[in-house]
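Read top to bottom, the protein sequences are chains V and A. Just so we're aligned: the first sequence equals residues 395 to 509 in the working numbering. Just so we're aligned: the second sequence equals residues 38 to 152 in the working numbering.
I should point out that these hints are in silico values taken from the structure, not numbers from a laboratory. Being a predicted model, the structure only gives us computed values, none of them experimental. Treat the hints loosely; a few may be bogus.
Here are a few chain V residues that face chain A, going by a calculated C-beta distance under 10 Å [to be verified]:
1) Asn447
2) Ser495
3) Gly500
Okay, the calculated bits of chain A under chain V, using three or more residues with CB under 8 Å as the criterion [stated by the list, open to error]:
4) 46 to 60
5) 82 to 95
6) 99 to 106
7) 118 to 132
Idealized CB from N, CA, C, for every residue including glycine.
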Amino acid sequence: GENVEQHPSTLSVQEGDSAVIKCTYSDSASNYFPWYKQELGKRPQLIIDIRSNVGEKKDQRIAVTLNKTAKHFSLHITETQPEDSAVYFCAARPPGYSSASKIIFGSGTRLSIRP
Amino acid sequence: AAGVIQSPRHLIKEKRETATLKCYPIPRHDTVYWYQQGPGQDPQFLISFYEKMQSDKGSIPDRFSAQQFSDYHSELNMSSLELGDSALYFCASSSSLTGGNEKLFFGSGTQLSVL
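Sequences and hints are given; from them, build the entire structure.
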């Protein structure tokens, strides 16, 4: 089955700098890759997603890139702000499924923004 | 906008007791999911329901059961509680009519502590 690996497990960046979180997946046919942000003690929230027919997607300060050949995708946050501090989960969904129940999460990256 | 509502927010039980968690999905969402999240862990999929029928099953122990009612709310029943059941339990919902039933909207979670 699908396996998602996420790196790094913790990341600390200076406010205003960029942060990059990387994930790899094992099933080359996976076709949907969401990213969730979870603040301490709060619910996970979808912040951006990308499908396998797109190489890059951007939404204000966040962007996601997908390299299908290498089977990896990355989250890029530019001009980081204190409110970006959270745990970020990448995820992948294998093909042939329409619901989110088959979505496999990565282990998470705890991002801390230093003032 | 209405969100996924879970109750209770916190629950303290003793070993071998039972617990019932409730979830009210976003109106007109037809799929409900239950996840278990241990400290520092990613969410683990337990079970899902589509239009009140169980649609998928993940790593849900036999001691747990769930159902979705005619008003679309769902309950997770947990019996013979063990210390290892202490975790944050999230309910999520999605709609097959929008976003391909893949975008998860999480509730605020129920923090279960088993003493």
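Hints versus structure:
no. : hint       : verdict
1   : Asn447     : violated (13 Å)
2   : Ser495     : holds (4 Å)
3   : Gly500     : holds (7 Å)
4   : 46 to 60   : violated (count 0)
5   : 82 to 95   : holds (count 6)
6   : 99 to 106  : violated (count 0)
7   : 118 to 132 : holds (count 3)
Comparing the model with each earlier hint shows violations of hints 1, 4, 6; every other hint is respected.
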